[in-house]
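Put together the whole structure using the sequences plus the hints.
Letter 7 of the sequence shown, counting from 1, is numbered 7 in our numbering, and no numbers are missing.
To be clear, the hints were calculated from the coordinates, so they are not data collected in a lab.
Treat the hints with care, as some may be off.
Label-pair restraints from in silico Cβ distances [as the list claims (entries may be wrong)]:
id, residue 1, residue 2, range
1, Asp116, Asp19, 13 to 23 Å
2, Thr35, Pro121, 15 to 25 Å
3, Ala284, Arg42, 18 to 28 Å
4, Ala284, Arg177, 40 to 50 Å
5, Ala145, Glu253, 29 to 39 Å
6, Asp116, Arg290, 34 to 44 Å
7, Ala66, Ser211, 31 to 41 Å
8, Ala176, Asp62, 39 to 49 Å
9, Asp261, Ala176, 21 to 31 Å
10, Ala66, Thr283, 30 to 40 Å
11, Arg98, Ala180, 26 to 36 Å
C-beta: ideal position from N, C-alpha, C; glycine also.
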Amino acid sequence: MTVIDAHQHVWDLGRAPYDWLGPAMAPVDRTVAFTEARPALRAAGVTGTVLVQAADHDADTDHMLATAAAHPEIVGVVAWVPLDDPARARARLTALRRDPHVVGVRALLHERAEQDWILRPEAGESLALLAAEGVAFDYVVSAPAALAHLPELARRHPGLRLVVDHLGKPPVGGDARERAAWRGLLAAAARHPNVHAKLSGLYAAHGPLDSWTTRAVRPFVDDALDLFGPGRLMYGGDWPVSLLAGGYARTWEAYTHLLADLDTAARDAVLGGTATAFYRIDTALLDAARAAAV
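Given below as structure tokens:
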């Protein structure tokens, strides 16, 4: 089975600013390299991984691409382009697309003061560019309320492949009312076939991140399977943020347990097939990752 971890990070504090880091995230408030993650990935049987941007800065993307060039296990990079400047976004995307690792774009929407920023005309022009170029867009939120924008984005850009990072931050450990509100927002997004979602970053919504349990996460995974089906869901280990929530091995074991009742085809889709198809991962890169995993 080909296993693709569709959500991993690396960052170098000497190359780019990561303003969201700080003392509260002390275990990862430092430079983190792919070599540190490799043992956990290999122990889990991960074939390839997709690096996802962690700063709205060209230097972060350049660092990810340099890392990908050095490690065949990396089969994709979700880059950053300045969506609020369509001309610059076009020029940057043209340059980035020369590298087959570039499979998507993301911006730290949840770090912006203007909650409706992604609906602005200039952002819309850039998203239309992504759709025209066949580049996917990762949609990240800090709380479920931001999921309300997704149906509108999906309607405006029916040709744009959208993926909700971390299932839109469900209220793991919360009450039934919170779960119902989250599910309603995610269901509205899931009605659009161009919207996918990642089973990643499903940590405790209240209290310490590592206070989650597999039992507490299960209802949200079940909801996601019901709303999207395995063909629109993909696994993501969220390293190194997962270090704050019990570590990569704990995350991997929880997901494999939660997916154990699926048939083989459905499980293979969530653990690799969906990500491969959604991100249109280059066959040569995937072959190189498989060879490195042997």
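Quick rundown of the hints versus the structure:
1. Asp116 with Asp19: 13 to 23 Å: holds, 21 Å
2. Thr35 with Pro121: 15 to 25 Å: violated, 43 Å
3. Ala284 with Arg42: 18 to 28 Å: holds, 21 Å
4. Ala284 with Arg177: 40 to 50 Å: Roughly 49 Å apart at Cβ, these two residues keep to the hinted range, so it holds.
5. Ala145 with Glu253: 29 to 39 Å: With a Cβ separation near 31 Å, Ala145 and Glu253 satisfy 29 to 39 Å, so the hint holds.
6. Asp116 with Arg290: 34 to 44 Å: holds, 43 Å
7. Ala66 with Ser211: 31 to 41 Å: holds, 36 Å
8. Ala176 with Asp62: 39 to 49 Å: holds, 45 Å
9. Asp261 with Ala176: 21 to 31 Å: holds, 23 Å
10. Ala66 with Thr283: 30 to 40 Å: violated, 22 Å
11. Arg98 with Ala180: 26 to 36 Å: Violated, at about 46 Å.
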